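As given, the protein sequences belong to chains H and A, one line each in that order.
The letter at position 282 of the first sequence is residue 282 when you use full-length UniProt numbering, and the numbering goes up by one with no holes.
The letter at position 298 of the second sequence is residue 298 when you use full-length UniProt numbering, and the numbering goes up by one with no holes.
It should be emphasised that the hints constitute simulated quantities derived from the structure, not laboratory data.
Treat the hints with caution; some may be incorrect.
With a straight-line cut-off of 27 Å between C-alpha atoms, the simulated BS3-like cross-links for lysine-lysine are [claimed, not checked]:
(1) Lys235/A <-> Lys424/H
(2) Lys255/A <-> Lys424/H
(3) Lys401/H <-> Lys235/A
(4) Lys187/H <-> Lys91/H
(5) Lys251/H <-> Lys354/H
(6) Lys235/A <-> Lys158/H
(7) Lys262/A <-> Lys466/H
(8) Lys262/A <-> Lys158/H
(9) Lys331/A <-> Lys58/H
(10) Lys255/A <-> Lys466/H
(11) Lys393/H <-> Lys412/H
(12) Lys235/A <-> Lys393/H
(13) Lys58/H <-> Lys91/H
(14) Lys331/A <-> Lys187/H
(15) Lys325/A <-> Lys187/H
(16) Lys235/A <-> Lys466/H
(17) Lys235/A <-> Lys187/H
(18) Lys158/H <-> Lys279/H
(19) Lys107/H <-> Lys466/H
(20) Lys262/A <-> Lys424/H
(21) Lys251/H <-> Lys141/H
(22) Lys58/H <-> Lys325/A
(23) Lys235/A <-> Lys255/A
Coverage of chain A stretches by chain H, computed from C-beta distances (three or more under 8 Å per stretch; other residues unrestricted) [unchecked claim]:
(24) 222-230
(25) 250-261
Since the structure is predicted, the reported quantities are computational estimates derived from the model, not experimental observations.
Glycine residues also receive a C-beta, built at the ideal position from the N, C-alpha and C atoms.
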Amino acid sequence: MSSSRCLRRISQLSLDRAGPSSIAPRCLLTLPQSSTFSTSAARNANPQGKKGSAAPPKRGTRTLNVKKGRKDAGKDAGKKPGPGERKAMRKRIVLSNNNALEVSGLKDLEKENALDGSTEGQMVGIHEDAVDVLRAVEAFKPSQGWSLFRRPATLMRKETTQLAQLLKQVEESEQSTTIRRVLVGEKLNGKSTLLLQGLMMASLREWTVISFPEAQELVNAHTEYAPLPGSNPTQYTQDAYTANLLSQFIKANNKLLLSSPLTTTPSLPHPLPPKPTVKQLADLGVANPEASWPVFTALWTELTQPGRPPILLALDGLSHIMQNSAYMSASTTPIHAHDLTLVRHFIDHLSGAKPLPNGGAVLAATCGSNSPTCEALDFSLQVAEARQGTPDKVPLWNQYKDVDARVMECMKDVEILRIRGLSKDEARVVMEYYAASGMLRARVDDGFVGEKWTLAGMGNIGELEKASVRLRVGAMGYR
Amino acid sequence: MARRELARSAWETIEFLGHPRRFQCPRKTTLLPRRTLLPPAARCLSTTPSRPAELTTEGPERFTAAPPIDFGKQDAGDSGDGSPQRVQLRSLRIVPASPSYFSAKPTFNDDFIHLSALLRKVATLPTIPNAEAPKVAWKTIDQYRIMVNEPVKTQRFHKMLHILRRLNTINPSLMPDEVLGAMQRYKKDSQPGDVKPNSGAIDELGRAKGVGRRKTSSAVAFLVEGEGEVLVNGKSLAQFFGRLHDRESAVWALKSTQRLDKYNVFGLVNGGGVTGQAEALTLAVAKALLVHEPALKPALRRAGCVTRDPRKVERKKAGHVKARKMPTWVKR
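Looking at chain A on its own, in the form it has when it is part of the complex (with noise of 0.2 Å):
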């Protein structure tokens, strides 16, 4: 960014030469575009070493100096006399457009300068409760020392964080495109709210399919208006599960939501053992209750058929009897 407003204000200050007033660049009035404007081969000024690709998304941002200015091919081209041009030149003093422009890596300065300045220039715009605001995930500050690839200080970044949050205040019919534009910098690529689970469908015979998993277990569940009937693996619910308990937990979610006997549930569950197989059809009974009556979703979640038990048998590791069981200590 610095690199070509110098060479805009650069060029600008020639143009200039003929004029009295005293020089200013003006500032940028785009941000989105200059990314796109950048020479593909520029080199990286930073003299540490890139960072491994997987850590990023996107690579560093490329930086490139501006061409030095050369000021006895110019006046040639444009006035027929250089030397009284010669003269101003040396009383000109020139101002560059980034206040960081003599600081090695300027990105992050010119990136809060102009965050601070857009706030200025929509301060007035009515805002929104905090917690009505639309949800963002900001891009953490190592993402944005990646993406500048510059030693950015924490508390200078969270003043910016400050900054971008009151700008997602901003009422949200009223929101200019230029603000959305200039957050869309600092978003993670993932937002919260991005992936939507694709809501089940009732299929033309009025199943509803789930799929639920529980240790090593996975099961799939189809549900259909009923008396409660079940059949697991084309057995019976008794004869499948010995344990009264695996029973219950299999139907849980129709029992604690006094569906038991408003639907047929056939079961398809494989891998893992008992208990693990009834409590992936716990979840898939659920999921597939879901379908049908997505309204019972905080009654679900409520008795705990909701949320998949992430618990698996932990890893045996070197040195250890078990996973964490240290051989008897012995004397010598």
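Bound-form chain H, shown alone (with noise of 0.2 Å):
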């Protein structure tokens, strides 16, 4: 303790006797009144002498003290990790394994074949370029069973064949055109490695990459939140969390589009050098997070102007999202998440409300594990299926239950990308790349692909890891 605490808290301790002392008679449990600089009183209540007087103890409590996993047993157990380091543990990525054999014949995804449906149904790599992409966007999530394998590699699956359609329709229409879907499906089944296809196909056709990898993170209150000045409704920035938010753009974007000049002269609080480039724009804000969200508003504008590449806008936990957040206003009522000037952009443009002129598409992912109960989304999701299948059945809203009109407002008229769990050629595809990888000891043939198939819960692909490979794995003693 330094000195300068020490006596800010004798100082303290006399105060804390002058204060209660007027009460104190009324008081039944008051403490022995002893001066509160003299400790003889206390001394004298418990004296040296009489400390193996005491009562001997109670029949029936144990008096020897044997037991393991006492208090005082844990005392060396060794060096607690640092502050951080748990959770930077929990939170590492690891993309290859050294053990797993590399599988041969694995073809990277290249810009030509990206989009033209041609590898459905087969494993490919993800490209090393990509792989930086998807890494400095958090496209990869650590229950994702990416340590197990030699290199990142991902099954074309029918419903990612899908999406590339949607994104190459994006490019060769002659309007600007913007996909946006909700991608809804099981626990397990997908949604996040969907996205990260999403991602990788967006960033391998060279288009413009923003991705909030966890939407959780936008909401839960760690990040520093500011009202923004001169909005009615009083709408709030997370300058930090922008900033952070521009750091991976500079990462994730390609460098043609980074060096490109500005079209547009924003005008910000900090100076930008002369013939100022997009990094250059971006980088003023990650230098001053106070900045951050002019900065960002700037650069969405200059990313806007015609001839840029079509935008892809993703977003994982949609759910978290659709309700309030956890920070709280000045009149300490709570702030619902659509005030928080990010996700009110991300929700425009996932709503339909702001177009992106250039084209591109806005993804949002629902997440099966990590989900706060939103029954306006639940319901919307609901609805807008009914919508693509069976529009004569379209659900309606209990009207004696609350809604939060916000969300039911925003997911109107949004359209879903259902996954299903994998077709059995689509499972027989993934565990033989288990096999040559080394990872799965089997036989892969139809009898264990279909048992697997059915108990991975009709072809749920991270049910199927688990169960073929993750459980052999665990049962080794390795994770």
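From these two lone chains plus the hints, build me the complex, please.
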């Protein structure tokens, strides 16, 4: 304890005693009154000599402390991890496993064949450049099984081809087209992976890629926030998060775009260098987090100028931004997630209120394991699915339930992309890849594939991996 | 039985009075209809209190003593002159039909003698090995004792059972009706194989239904030919059962017989916990599979999918902490 703190503590002691002395006579549980600077009374209350003469322990109480797992036993349990170390370990992304075999004949997805469906039903490797991009936008999740294989590879499943078709449609259309989709499906069915595949394909096709990897981080009040001046109703900016997003943007997007000069002249609180490039604009936001939101808006204006590439906006964990956030307003009422500027920006594009002038796609994935209940969102997704499948049987909202009108409004005409289980052929391709990587030591035949396919809940790819690869690896004690 | 024979033999004695040869009561010929001829208001001779009704399916047989023979009245109706008959009667020795006539409760003896006589009669008929004889559940000694209301000795009863088993081994194609009728008296009311579980049928949509239970869970499974899709309460197998072990349990009947990719399962489960539900489904799926392929029964039995596991949570007892656990012993 430093000397200044000691002094403060002593002065506080005398103050503490002075305060409650007036009410002390009324309190039944008063402590023995003693002068603040004297310890004699306390010492007299428990003299040293009486230490051993306490009453014998009652019958039935344990007097011999021989049990394991007592508090003192943990004292020399070794060094504890430092602050943040555990979280870093938890969030660590491992993308290769030197013990896994190299799969011969695994081709990378290239720019040319990214969107043309020729690789449907095959495993494709992720090119190193794409891996860097996906790492930058945190598209790889620690819970996914990337660390089991030599290098990242994905299955081009049926839904991937559907998504590729949509992206191709954006590229080929004359006027700007905005694809808006919510990816829905069972838990562990590959929604985040499909988002990753979308990001991969878009980045291969040199689109501008902006991704919110975890919607929870936008709303759980772990980053600072401030009201946006001049906004009515009040909106809130998240400067640190936005600065981080800008740095991710710089890492994830291609050099050509970043080195191109600005076509607009944004008015910013900080001066830009002469003849600024897009990267310099984004760097300004990274360097000055307090100016990150104006920089982000300026950057967005720049990116939506004619002639710029299409944009892919992606978000994982949609239901987190469909409710009140953990932030509080000045009047201590919770702030709705849609009042956060970044969320607002995404929602405007997802709902179609603001189209992308150069075309592009807005993808939002729901989450099966970490998603707060949001009835309005669930209902909207049901309606969207019914509109696509059976338009005459669209469900109606129960009028006696409260509804989050903002959610209903923004999800009004969004479309969904339902991810179902793998077909048996796709499951077979994946399991052959597992076997070729040396992670699955079984003969991959129809019976084996069918059995795992059924046990994985009709081809749920996450369960398939759990049942065929992770179970064995886990049994060996290696995770 | 004895009382009627006494009555009958008495009457025959009286009819016989004019004939010089020695009187012998005829053996009884039929056993079956005798119970129907009993007077309904007959009184039980036994001094022991009658057994509670729930212990026995049929009460003890009623026993009536024969009415006393009024010799004076008899000769008046039959012949004109009574005095020579009265002289003859005095020199007659009436032999009762049953050797146990003078014992208080002759029923068992009569049964035994009847069966022995029957066996003597049919002894020459061809027999089959005991293992191939039709399975019969004989009455237990307690049930027999209650029926005849007589203290039958175990050893004697077993001797009688021995005769019955021998009668049962007569070649069924040559089995006389008389023997069948006689054996009926000693069979339990319900015989093995009486209750036949109705073999399920495949309905017009190709579904077979099976029901299974385990602990407090119960499951219904509908099995159709398909490619291995499983829905439990409308959810996929992976969604419904988090543990891989439970998923395997649920479809174990199909997996152990290599039928996993040949059928689709639609299961409905309720009650109990996750493991109980999974194992209830095992049984349900196995039973539904048996409707489709009855020949799989031995394979399924080997896989442990046929027998219902009857174990349940044991109840807590008074004075115990749990079902068996006793409170810790404390000195004073």
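Is lysine 255/A close enough to lysine 466/H, meaning Cα to Cα at most 27 Å? Holds. Lysine 255/A to lysine 466/H sits at ~19 Å (cutoff 27 Å).
Sort out whether lysine 412/H lies within 27 Å of lysine 393/H, counting only the CA atoms. Within the cut-off at roughly 16 Å; holds.
Hey, lysine 107/H versus lysine 466/H, does the alpha-carbon distance stay inside 27 Å? 25 Å, holds
With a cut-off of 27 Å on the C-alpha distance, tell me whether lysine 331/A and lysine 58/H pass. 13 Å, holds
Holds or violated: lysine 325/A with lysine 187/H, Cα cutoff 27 Å? 43 Å, violated
Under the criterion that the straight-line Cα-Cα distance not exceed 27 Å, is the pair lysine 235/A, lysine 255/A satisfied? 20 Å, holds
Holds or violated: lysine 262/A to lysine 424/H, with C-alpha atoms at most 27 Å apart: 13 Å, holds
Hinted pair, alpha-carbon criterion (27 Å max): lysine 58/H, lysine 91/H. Please report holds or violated. 51 Å, violated
Quickly compare the C-alpha distance for lysine 401/H and lysine 235/A to 27 Å and report which way the hint goes. 26 Å, holds
Would the pair lysine 331/A and lysine 187/H pass a check requiring their Cα atoms to be no farther apart than 27 Å? Violated, because 57 Å separates the two Cα atoms, which is more than 27 Å.
Mind checking the alpha carbons of lysine 187/H and lysine 91/H for me, to see if they're no more than 27 Å apart? With Cα atoms ~20 Å apart, lysine 187/H and lysine 91/H stay inside 27 Å; holds.
Given the hinted pair lysine 235/A and lysine 424/H, is their Cα-Cα distance within 27 Å? 19 Å, holds
When held up to the earlier numbered hints, the structure conflicts with 13, 14, 15, 18 and fits the remainder.
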